[in-house]
Amino acid sequence: MPRRHLLLRLQLLSNPQVLCGVRGAVSPLASVVGFGEEDCRAITLAVDEAIANIIRHAYAGETGKAIEVEFNQLEEANGGRPGLEIVLVDQGTEPKPGALEGLPPGELRSGGLGLHFMRQSMDTVVHKRVGSTNRLYMVKFVR
Amino acid sequence: MEISARHLENTTIFDVVGDIDLANSPAVRKALLTELREKKIPCVMMNLSSVKYIDSSGIASLVEGLKASRDLQARFVLYGLSKSAKEVLQLSRLIKLFEIYDNEEQALSVNGA
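Quick note, the sequences are listed as chains A and B, same order.
This note's numbering puts the first residue of the first sequence at 1, with every later residue one more than the last.
This note's numbering puts the first residue of the second sequence at 1, with every later residue one more than the last.
Hint data in this document are derived by calculation from the structure and do not stem from the laboratory.
Among the hints, a few may not be true.
Claimed, not checked - Example chain A residues on the side facing chain B (calculated, C-beta under 10 Å, incomplete):
#, residue
1, Asn15
2, Arg23
3, Ile51
4, Arg56
Positions of the beta carbon are idealized from the N, C-alpha and C atoms, including for glycine.
The task is simple: from the sequences and hints, build the whole structure.
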C-alpha cells in the first residue's frame, strides 16, 4: 500500500470557466512530483476531462455546484516510485450503468472521448458511489 | 479564447488563440457550422498555431466540422497543431481522418484551396 500525503485540495464550483485555472495548477504540481512533460500534459488532460464530466453529467450542466479535487502524492513501499492520486468528489447524480465504460475511440463521433482520454492518461481510474456523493480516484505513477 | 475569421477566395481561415475546452468549444462549433452549413463556404481552415490546449470537447467541435464538411463536400483543414494538440488528436485515434498541415502556406498550396 503506497504512502499518501496531501499536496493540494481545491474547492470549485461547477462552471466551465474554472477549468483553465485548474489546468494551470495541475501541470506544475505533477512536475514537482517527478513527472516528465508528456505525463504532466496527460495528467492535466485527465483532470480537465474529469471535471468537465462532472459539470456536464453529474450536475447536468448546472453551475454553482460543489466539486472538490484533492491531489495526494503517493510513494510506493520500500522507496519505490512516486505517484499522484487525484480524487474528485461531487454531489451529483450517479452515473448510469455502463456510462463509465466509455465508447471505443476512432469512430467519427463527437462524444465519448473524455473517459477514454482519462483512462489512457492515468494508470487507474476508479469510480465509487459513497452515500450521495461520487468519488473518482485517478492514479498515475512516475515511470 | 478568441476566434477570428479571414476570408480568401472560396476559403475561410479561422485564427484561434487560447485554449479550446468545455468553456469555449461551443463558440468554435458554432463558427465552423455557420461557415459550412449556412454560408456554404467550400473550404474552411483552422489555424491552431496559437492553441496550446484542446480537450475532448474541442475535438468534438472539430469532428462536427469535419462531418459537416463531408456532408457538404467541402474541405476542412487543420494546421499549426501544437505538440499537445497532436497528442490529444492521436489519443482520440481520429488524427488520420483530418487533413492536417504544419503551416498555412502548406495548407493553401494544395489544389482546391
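Mind checking the CB of arginine 56(A) against every CB in chain B and telling me if the closest is under 10 Å?
-> Hint holds; arginine 56(A) Cβ to chain B Cβ min 7 Å, cut 10 Å.
With a cut-off of 10 Å, does the beta carbon of arginine 23(A) approach a beta carbon of chain B closely enough for the hint to hold?
-> holds, 7 Å
Is the hint on isoleucine 51(A) kept, meaning its closest Cβ partner in chain B is under 10 Å away?
-> Cβ of isoleucine 51(A) sits 8 Å from chain B, so the hint holds.
Hint check: 10 Å Cβ-Cβ cutoff, asparagine 15(A) to chain B = holds, 8 Å
Violated hints: none; the structure is consistent with every hint.
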